[in-house]
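Q: Here's the letter readout for the chains.
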Amino acid sequence: MKARAAALARLALATLLVTALPRAVSQAPGEPPAGKQSGYAWMARETRAIQDDALANPGMLSVLDGEALWARKAGTAGLACADCHGDARLSMKGVATRFPAFDARLGRPLNLEQRINACRTERQAAPALRYESRDLLALTAYVARQSHGLPIAPPADARLRPHVEAGRAEYLRRQGQLNLSCAQCHDGLADRKLVGNPITQGHPTGYPIYRLEWQAVGSLQRRLRNCMAGVRAEPHPYGAAEAVNLEAYLMWRARGMPLETPAVRP
Amino acid sequence: MLRASTTAAMLLCASLAAAQPAPGYTVTGDAIAEPLGGLRGDAQRGRAIVLDRRTGLCLLCHSGPFPEERFQGDLAPDLKGAGARWSEGQLRLRMVDSARLNPNTLMPSYYRTTDLTRVAAAFRDKPVLSAAQIEDVIAFLMTLKD
Numbered sequence: 256m257k258a259r260a261a262a263l264a265r266l267a268l269a270t271l272l273v274t275a276l277p278r279a280v281s282q283a284p285g286e287p288p289a290g291k292q293s294g295y296a297w298m299a300r301e302t303r304a305i306q307d308d309a310l311a312n313p314g315m316l317s318v319l320d321g322e323a324l325w326a327r328k329a330g331t332a333g334l335a336c337a338d339c340h341g342d343a344r345l346s347m348k349g350v351a352t353r354f355p356a357f358d359a360r361l362g363r364p365l366n367l368e369q370r371i372n373a374c375r376t377e378r379q380a381a382p383a384l385r386y387e388s389r390d391l392l393a394l395t396a397y398v399a400r401q402s403h404g405l406p407i408a409p410p411a412d413a414r415l416r417p418h419v420e421a422g423r424a425e426y427l428r429r430q431g432q433l434n435l436s437c438a439q440c441h442d443g444l445a446d447r448k449l450v451g452n453p454i455t456q457g458h459p460t461g462y463p464i465y466r467l468e469w470q471a472v473g474s475l476q477r478r479l480r481n482c483m484a485g486v487r488a489e490p491h492p493y494g495a496a497e498a499v500n501l502e503a504y505l506m507w508r509a510r511g512m513p514l515e516t517p518a519v520r521p
Numbered sequence: 206m207l208r209a210s211t212t213a214a215m216l217l218c219a220s221l222a223a224a225q226p227a228p229g230y231t232v233t234g235d236a237i238a239e240p241l242g243g244l245r246g247d248a249q250r251g252r253a254i255v256l257d258r259r260t261g262l263c264l265l266c267h268s269g270p271f272p273e274e275r276f277q278g279d280l281a282p283d284l285k286g287a288g289a290r291w292s293e294g295q296l297r298l299r300m301v302d303s304a305r306l307n308p309n310t311l312m313p314s315y316y317r318t319t320d321l322t323r324v325a326a327a328f329r330d331k332p333v334l335s336a337a338q339i340e341d342v343i344a345f346l347m348t349l350k351d
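For the record, the sequence lines run as chains A and B.
My numbering puts the first sequence at residues 256 to 521.
My numbering puts the second sequence at residues 206 to 351.
Some hints could be false.
In silico lysine-lysine, DSS-like type, Cα no more than 30 angstroms apart, as pairs [unchecked claim]:
1) K348/A - K448/A
2) K350/B - K448/A
3) K331/B - K448/A
4) K328/A - K350/B
5) K291/A - K348/A
6) K328/A - K348/A
7) K331/B - K285/B
It should be emphasised that the hints constitute simulated quantities derived from the structure, not laboratory data.
Model the full assembly from the supplied sequences, consistent with the hints where possible.
A: Here it is in structure tokens:
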């Protein structure tokens, strides 16, 4: 009897939570939604609990790997990240909130993975790490973890602006055989269901994430490739300029939202 | 030798099939009156296409009178009663090129291969469904009377 009452109470709470979710608010095309909500807001209670518990969150294994790599010498220069940057808890705090950032020497924006690889090739004289490799995800997760809870703060850099605009144009453009745009799903249909799965506002707040469907950690680029494959569009190669522009736009769109790395997603 | 000639025959068949143009159609008002390629649809096959999440994709967005299907979309009108709301010709245009009726629609143009951007290589120059599949789906939708 008591168990049943408790179950009913839980059900009522769950219903409340569901109805309390943000409704998609009408907005100008390409402008961020009025009430910005991370994908976390749509997750089941159990999934949130996994993300919130550093001991249960499988993404934290990647962060720990990254911590070890940070201190390990690599390449012919014989340097570790720590040799130049010291204690990541101090030197890397807030860094992930400002990426992608414009690289003056290369004349284009780099995302966090590319920045890490630039340090590897130029300073450590080590081979670049492959996209989605365990080590690149680990270092990225470790660096981004140092910004956990800090608001996304894209740099007010005029050189970045055309890239953000190009990313916005891509976000608004229909693509693929199914001819759908990112905006149609993540602005127009956030909070509705695609085959029973809630569509969220599509904010890049938790990357690299541990995705239950992948049973693995993955980058934002991988997530974007999934969405493109879903509409039967040609996914951008990892790290392609268009994909980095899209990242820059998504970070601009999510500005002010706290970073959750490593987030867990269904 | 035998193997080489069958491969050649298969290649030839493939290129013949590829060269065959998809049947055209004429839009009148908000409908396409004539079946695509003069084909006659089969409602049973059409039902299978509508339920198949990789072929028809309909239930990604729509729900319908399919109590056995657990996960259905809530992005589009329920397919229940589609055959009562619309004529066969109206359903045909809605399948073939819904964007012609509503440029902002979410409903994919199932028979359109032009004016698309960055289509993945595996799907390039191919409609989502063939003329025959579309006629099957229409035959099935026409059975959804209430």
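Q: If a hint holds in the structure, say so; if it doesn't, say that too.
A: Right, here's what the structure says about each hint:
A hinted pair counts as satisfied when its Cα atoms are at most 30 angstroms apart, and K348/A with K448/A does not qualify at roughly 36 angstroms. Taking the CA atoms of K350/B and K448/A, the gap is near 26 angstroms; set against the 30 angstroms cutoff, the hint holds. Distance restraint check for K331/B and K448/A: the Cα-Cα separation of roughly 28 angstroms lies within the 30 angstroms cut-off, and the hinted pair is therefore satisfied. For the proposed pair K328/A and K350/B, the alpha carbon gap of about 71 angstroms is over 30 angstroms, so the pair is violated.
At roughly 24 angstroms between alpha-carbon atoms, K291/A and K348/A fall within 30 angstroms of each other, so this suggested pair holds. Restraint check for K328/A and K348/A: satisfied, since their Cα atoms lie roughly 22 angstroms apart, inside the 30 angstroms limit. Annotation: proposed proximity of K331/B to K285/B holds, straight-line Cα distance about 29 angstroms (limit 30 angstroms).
Hints 1 and 4, counting from the list given before, are not met by this structure.
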